[in-house]
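S.K.: Protein chains in written order, with UniProt numbering: chain A, 1 to 105; chain B, 1 to 105.
Keep in mind that a hint or two might mislead.
Among the chain B residues that face chain A by a calculated CB cut under 10 Å, a handful are [to be verified]:
| # | residue |
| --- | --- |
| 1 | Ile16 |
| 2 | Arg17 |
| 3 | Val21 |
| 4 | Leu22 |
| 5 | Pro28 |
| 6 | Pro75 |
| 7 | Leu96 |
None of these hints come from the bench; they were simulated from the model. Glycine residues also receive a C-beta, built at the ideal position from the N, C-alpha and C atoms.
Protein chains: 2
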Amino acid sequence: MDRMPEDIPHPSLDEIRIERVLHALADPIRLHLVRELARLDTGVACGSIDLPITKSTRTHHLRTLREAGVVTIHPAGTSRITTLRRADLDTLYPGLLDGILNAPH
Amino acid sequence: MDRMPEDIPHPSLDEIRIERVLHALADPIRLHLVRELARLDTGVACGSIDLPITKSTRTHHLRTLREAGVVTIHPAGTSRITTLRRADLDTLYPGLLDGILNAPH
Numbered sequence: 001m002d003r004m005p006e007d008i009p010h011p012s013l014d015e016i017r018i019e020r021v022l023h024a025l026a027d028p029i030r031l032h033l034v035r036e037l038a039r040l041d042t043g044v045a046c047g048s049i050d051l052p053i054t055k056s057t058r059t060h061h062l063r064t065l066r067e068a069g070v071v072t073i074h075p076a077g078t079s080r081i082t083t084l085r086r087a088d089l090d091t092l093y094p095g096l097l098d099g100i101l102n103a104p105h
Numbered sequence: 001m002d003r004m005p006e007d008i009p010h011p012s013l014d015e016i017r018i019e020r021v022l023h024a025l026a027d028p029i030r031l032h033l034v035r036e037l038a039r040l041d042t043g044v045a046c047g048s049i050d051l052p053i054t055k056s057t058r059t060h061h062l063r064t065l066r067e068a069g070v071v072t073i074h075p076a077g078t079s080r081i082t083t084l085r086r087a088d089l090d091t092l093y094p095g096l097l098d099g100i101l102n103a104p105h
């Protein structure tokens, strides 16, 4: 029987905490990733968003976003697909994400 | 001629940056201060919000909030009045503050 190569944990809706979400979004690199995920409006392979950072730094930022409840990360073949938890965040904190995504600066 | 005992700097609207606002709000103590300021809906003397922290820690958190553009702090006699920059934040990031203040957890 096939098994997933790894089981990546994600916080459930009632485990997500506003302080952790805000901390995750307060970093310029992570905010850029979230803005790109929102713009693309689909799950994307980790490497497909262009960033001047190493792979390990990218992995660290994606883990911070995942653990805060901002994105899901799921294996797909040899890749991992990252998706913004837009509906979940809009349910928990109506207005928050739009307020951030539309920020002029 | 009277002079203000000190001139406390505040970022102007176009100096406020979303990353710094999010960082300022990502701390539980600072988030509590902001929630209380929003609930009271008026400027308050620094010490009037009850918190189990030292005066110097409180001062540190209030400075972080002020420098990010989240509150104003102005001397009034021997006290300092802290006020949430609600209108400014709602202008820059519509929905953001309400999304945070209404957060269930």
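S.K.: Please flag the earlier hints that this structure goes against, numbers listed from lowest up.
M.R.: Checked against the structure, the only hint that fails is number 6, while the rest are satisfied.
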